[in-house]
Amino acid sequence: MLGVLGWVLYCRRNRARIVALTFTIVLAVMEVSSVALLTGSMLGQIRLTTVTPFRDFTQVVASRVVVPTSIAAEVASRRQTRLMIPLIPEVIRVNTLVGPGTRNVFAVPAELMPWFLRRLGEQLQSGHLPRSGAAEIALPEQVMRSRRLRVGQWVGQQVQPTEWLPGRFRIVGVLSGRLACGVAPYEAMRAVTPLRDVPGTAAYGVFARPGQLHALDGYLDTLPLSKVRVYTHAAEAQQFRSEVRLLNWLIWSINLVTVGVLSLAMGLLNNLYYIQRMEEYGILSAMGYTHGLLVRRALVEVAAVTAVAWATGIGMTCALSAALERFVFGPHGIHLPQLDAHDVLATLPIPLCIGTFTVLTVLRRLIRLDPVAVVERRD
Amino acid sequence: MAVHTTAAVTGPVGGSGLLLEARHVSLRYREGSGVSHALHDVNLTLCGPGYVGIAGPSGSGKSSLLYVLAGLKRPSGGQVRALGLDLQRLTGSALCALRRQRFGFVFQQPFLIQFLTVAENVAVGSPRIDRSARQRAEALLVRLGLGRYTGRLPHELSGGQRQRVAAARALMNNPAIVFADEPTAALDHAAGAELMALLHEYRTARGALLAAVSHDEAVISGADAVVRMWDGHVRTVEPAQASGG
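Sequence order for the protein chains is G and Z.
The numbering used here applies: residue 16 is where the first sequence begins, and numbers increase by one.
The numbering used here applies: residue 896 is where the second sequence begins, and numbers increase by one.
To be clear, the hints were calculated from the coordinates, so they are not data collected in a lab.
These figures come from a predicted structure and were not determined experimentally.
Note that the Cβ used here is the ideal one computed from N, Cα and C, for glycine as well.
Some hints here could point you the wrong way.
[What the hints assert, rightly or not] If you want the ones that stay clear, here's a sample from chain G, every Cβ over 12 angstroms from chain Z, calculated:
no.: 1; residue: THR39
no.: 2; residue: MET45
no.: 3; residue: SER241
[What the hints assert, rightly or not] Covered by chain Z, according to a simulated footprint, are these stretches of chain G (three or more residues, beta-carbon under 8 angstroms):
no.: 4; stretch: 25 to 35
no.: 5; stretch: 66 to 79
no.: 6; stretch: 214 to 223
no.: 7; stretch: 381 to 391
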């Protein structure tokens, strides 16, 4: 726009100032984005176990011991129901970035296992699927790596008392996929649960026909709570949201305080810089540069520096988390998630607030700029 | 006392075009609860190219007169015409355009932009800053004997050199009128003389009007006409034709 009066030249020739501003903004962006990332990671782990599986099927669990056969028959006969399979939901321990967590292990009939995994988007990466009736298990890669497990090893409470998975299972396969869940044969899992001697089925996975999930869930929700508890995706997602609302509110409050304090500090710093530059603006005004042009110049400078600093902060956070994933956490099998759009969004108030605060304070000075006061050194 | 002086100053070069005119110009400041008068009913006509010195003691209104004539201050009353334009009728941006395209300014301090090189500082005086402006700035600096310093930053120059750079910046747009407010006040005698010689050379070569405020009689003595201010009034105009009224 103005060549020698453009922001690029200003930044190049005033590196100390720009570095100070950029460094502060970068730190703030890294702090807020890291908090968002870690929180997102923590909540993501919980969501992965409690909400995500129910995108693909709805879980019907007995309120008391077993699901009444009449209800099971009624659900199976619905036209929206594609398939209903007996299922035992269990969990296995996994090491995550924020400490020990869990991953689902679904015990399903061995003959339905390939179909079940396809529906969940999971693939067998190595080894083979557990065989019918055998105390075998296929685990997600994430669990294997984070606990440094090998195919052929045994897992379960009988092997390690701190384990959540009941019984004792030999690892025969490694799975990969978005759900990061494991599978075991239904009969083998049932044999190690307290219900092994009770006739009937304690839980079912109900799969809807294409486009019928909503209708099926609507029907399942009408089933008597005294008989069964229904885990639909909508209900679980709703419950998850309500449970994390307070946590989210807390995190956003901390972020807002950070952003507020930082904006104030940066605004004052910028203001100080502009006070020091009032001679420059004053002489330009005296020479005939319009107020509009000078204001635009200041705005572009503030916007450019803030935007570049923000982008640098995002870039550095990405680079840092990628490096940590690759060199620190990855080798230990701990997955460090990368910044996503939500995390980036969480940092947006930083440049916006700093920009707004700076613009308001600097703008006030520039609008009231009297070139004569400046050249007479009365300003 | 209301001194009402009508002064017509015509430069020796012989131009007859009206360059600056002040009619019944007054300038008042709000000062605390009262009002301070910087200019009282000033009437002044400056025609043709030449050098007009504006002299007077501190607080006499000489700088205020310069700022009003240059469109840097709006008068509280009266009319100012510059290059045929009524400054009161101009919008803010039109007034800025006039200053940027037709006027040059040299102040007591050079007010160079600290992070720009000498050539860039001079280029800033161009009505349009582009690559050719920088080339013209460098050429101008060479002509003014500052060719060695084009890439230097202002803090690397002496006070006199900085003021000459400021003068070069003022001349960058080939102004019809150069306004100088105590241009030599911060310089030693030699540097001041050098600066004034530079400005005189320009206004002679270009047929421009140089209007300079100064305490320094040595600076004023070279003027074609001297406007002497006293307490906000034009007290005398010498040695050009003047008619009191």
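So, going through the hints one by one against the coordinates:
no.: 1; hint: THR39; verdict: 21 angstroms, holds
no.: 2; hint: MET45; verdict: 29 angstroms, holds
no.: 3; hint: SER241; verdict: 78 angstroms, holds
no.: 4; hint: 25 to 35; verdict: holds (count 3)
no.: 5; hint: 66 to 79; verdict: violated (count 0)
no.: 6; hint: 214 to 223; verdict: violated (count 0)
no.: 7; hint: 381 to 391; verdict: holds (count 5)
Hint check: violations occur at hints 5, 6; the rest are consistent with the structure.
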